[in-house]
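From the two separate chains plus the hints, produce the assembled complex.
Line order of the protein sequences matches chains A and B. Residue 132 in the working numbering sits at position 76 of the first sequence, with consecutive numbering throughout. Residue 318 in the working numbering sits at position 314 of the second sequence, with consecutive numbering throughout.
It is worth saying that the hints were derived from the structure and are not from the lab. Cβ coordinates follow ideal geometry from the N, Cα and C atoms, glycine included. Possibly wrong hints are sitting among the right ones.
[Stated by the list, open to error] Simulated restraints on C-beta separations:
no., chain 1, residue 1, chain 2, residue 2, range
1, A, Ala118, B, Thr279, 55 to 65 Å
2, B, Gly349, A, Asp75, 45 to 55 Å
3, B, Pro346, A, Gly100, 17 to 27 Å
4, B, Ala113, A, Arg92, 29 to 39 Å
5, B, Pro219, A, His72, 34 to 44 Å
6, A, Ser96, B, Arg227, 30 to 40 Å
7, B, Arg284, A, Pro90, 45 to 55 Å
8, B, Thr52, A, Gly117, 46 to 56 Å
9, A, Asn129, B, Thr52, 40 to 50 Å
10, A, Arg70, B, Glu226, 22 to 32 Å
11, B, Glu176, A, Arg70, 28 to 38 Å
[What the hints assert, rightly or not] Computed footprint of chain A on chain B; a stretch qualifies when at least three of its residues, placed anywhere within it, have a C-beta under 8 Å from a C-beta of chain A:
no., segment
12, 84 to 98
13, 154 to 161
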Amino acid sequence: MDLNSTPKLAPGCRLHPTDSILLIPEGTLNLTGPTREILSKLDGNKNVTTVVTELVAQFEGADAKEIESDVLNVLSRLQQRGVVRA
Amino acid sequence: MSSISSNPSPQPGSPLSLIAELTHRCPLHCLYCSNPIEMQRAETELSTADWKRVFQQAAQMGVLHLHLTGGEPLARRDLPELIRAGRDAGLYINMITSGVGLTEERLAALVEAGLEHLQLSFQDIEEMAANHIAGTRAHAIKLALVPVLKKYPLAFTINLVVHRMNLDHLEEFIALAEELGPDRLEIAHVQYYGWALKNRSLLMPTEEQVMRSLPIVEAAKERLKGKIHLEAVFPDYFGSFPKACVGGWGRQMMLIDPAGQALPCHSAAVIPGLTFDNVREHDLEWIWNSSSAFQRFRGDAWMSDTCLSCPRKEKDFGGCRCQAFMLTGDPDAIDPVCSLSPHHGLLMELRVSQPEVLPIWRD
Ligand code: SF4
Ligand code: SF4
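Bound-form chain B, shown alone (with noise of 0.2 Å):
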């Protein structure tokens, strides 16, 4: 293959952002979970120390942003404590929550402590079909807090999870969110992993409701310019061309588990064989350089021919290993979302309605 040129081991620049899983405890129980199925117990959870450390070494590498989430961020009473810290070290801080447990008073002592941003996830208008998703009463719990967050400086996102069973109301739900006036709203379609895997049939669109909510979106776009910053994220299931989600193997972000180990990425777990070192043993920076798991699809080396031949694979890197392995058990090959992928057959089966499956509801 001299005819092709390989880039086997490049080395990495700076990760830019790190995301904290503070815990995986959690009071919701969502269908589209994303959270590895095997979580984490509160016993085996970092320390605050641990954290702090972490976020230290994370802002000398060159990280700018911090995200915690979890699970809920807000499980953890500790939470000032590692606002602060990361504040201090220099990061910029953003927190997403389901908002359950989040009173003024510890709302206030968050932004005191140096909380920038926060994400607010919506699961659909009614509360009926909230609560259906959700499996619990959080949804008028964010309602009642949307005008408390907004006494507070800081920038505020409310996130719309779209999948088959509300993207037929994203008008509505676009119209809810704009009433509750937040700074940024982002509508991300369910993402495949973890548990939302096994509720996939359920929660995937179908490609004809995915092209009516279009227009939609292009329209909300116009209408809320200057006033709400809009994001709408597609799912790549009904591309001919994979995203390079999170900017790639390795190459922009970093993320810590609750029990400190370090992976590429939110769903890495998934795919066998790899093993995470843990920031209880090791730095970020020798973790970063040189863990074989952020390796492992750094550069072509592992590439099949028709990605290194192709000229996208700087955009894309080949597209999403865990997707590649779920769907043709090969985390390898091309991902199945590339209609230059030999298994990009799948993905048309699974454009198509299963409307008849049933949930499968987390414990």
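For reference, chain A alone in the conformation it holds in the complex (with noise of 0.2 Å):
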């Protein structure tokens, strides 16, 4: 998972309509902090970048650094699970 990436989520993966948790087979997974508004972006299209950039802009004040080290973490993690693709 790099800047250039264009994750989505894993068939089978969706986002609970209102609730914090992403359904996956078999489970859910509980998503803490901004990981489902990480999460809403993805659409297989835009890239690490676009994603970071949208959410700086949408959170102001934030460390834009550590926004794009945030997302490139949790979006690792979630690839290693097998939830999200690149």
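Pasting the structure below:
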């Protein structure tokens, strides 16, 4: 996972319409902090840089570098878990 | 027993998953079938409208996942309609199938209706061996189905059912699955309920077999990380403490059988004296909160003093009720898997192989 990757949710994984959980085959993942926000931006076309830019615009005053590393971190972990594809 | 805190009838939280056994009709005759031996006939099955109502009630109660199973769910002609109803209600739709009868045309219709996850079970790497277990030519059909499945936007799990006769081939088994490239791979040991109980001594692996398999699974998990999500469930026969299968009795899931009876667990019918309420007569919420079968092992009033005073009771809830009953004759007994059970010795006996037994096939 890097800034040029175009991540998306793996098949059979989707966000719960209202709660901070990801519905996955055979269960759920609880999404903490901004994870839901990050995942809701993935569409398989945007790259990570675009996702970060959008989040920076949305959370005024937040540190762009920090957001970038958080996003990469979250996405890599979820990729290892098999619920995000890059 | 005033020193022991007891919690006789707690308010249940809401269930998270609903298992809908759409039919008991099935083209296969697995040695390890865990369906009840008294199967329900097609005429007694719930109607399309009944199932739709049940799915809506489930979603309203907070259920997230709907597991469509059987028998073979494909035997229901109204399957796409049922899937769509579940999705419209807001449920996540999972289906467990043998794949027999699943043409590309039917698959496309199911995905279009909202199917999100499909689970296909495999019994063995060699077709001959596979057919020995499943009793039909299902294996070749499944292999041919995999490339078709992968064209569609749904999660696809391969389920490897392992037991004494194939556990020694686990490495090849995993390699085959890897080639097929599912999103998930589940390795599950046969559970000894229903029909499988009759074949228990034939199917139950030896302790050495299980020990040999552990590092193989760990190595595969590492190797497949980020590509295939591997989950392996080991039999609790070899442990010292029981597991809380499906999260405990009446705590997380509800199963509706083909005729509409609501059960707290897929094998609950083995326990004598339980009466199951029917979704034809009651709504799901009433059943969940008030049905006597669901209340039977909630809380800890029924537990032995050993469990009552044990800190693990909040984790394993005293273990499996069905197993306790089947091995000791007493559904309130401590699960014999627990080393504190006076019947734990029974498990020690079962671990020993009895290789000369013959299989019992289901008609
Ligand atoms: S004594 Fe009961 S609660 Fe404690 S581990 Fe054994 S089965 Fe579980
Ligand atoms: S009673 Fe046994 S079989 Fe039934 S859900 Fe509990 S652990 Fe599983």
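Taking the hints in turn, this is what the structure says about them:
1. Ala118(A) / Thr279(B): 55 to 65 Å: Holds, at about 58 Å.
2. Gly349(B) / Asp75(A): 45 to 55 Å: Holds: the Cβ-Cβ distance is about 47 Å, inside 45 to 55 Å.
3. Pro346(B) / Gly100(A): 17 to 27 Å: violated, 58 Å
4. Ala113(B) / Arg92(A): 29 to 39 Å: This hint holds: roughly 32 Å between Cβ atoms.
5. Pro219(B) / His72(A): 34 to 44 Å: holds, 37 Å
6. Ser96(A) / Arg227(B): 30 to 40 Å: Given about 32 Å between the Cβ atoms, the range holds.
7. Arg284(B) / Pro90(A): 45 to 55 Å: holds, 46 Å
8. Thr52(B) / Gly117(A): 46 to 56 Å: Holds: the Cβ-Cβ distance is about 54 Å, inside 46 to 56 Å.
9. Asn129(A) / Thr52(B): 40 to 50 Å: holds, 47 Å
10. Arg70(A) / Glu226(B): 22 to 32 Å: For Glu226(B) against Arg70(A), whose Cβ atoms are near 28 Å apart, the range 22 to 32 Å holds.
11. Glu176(B) / Arg70(A): 28 to 38 Å: With a Cβ separation near 35 Å, Glu176(B) and Arg70(A) satisfy 28 to 38 Å, so the hint holds.
12. 84 to 98: Answer holds; 3 residues pass the 8 Å Cβ test.
13. 154 to 161: holds (count 5)
When each numbered hint is compared with the structure, a violation occurs for hint 3 only.
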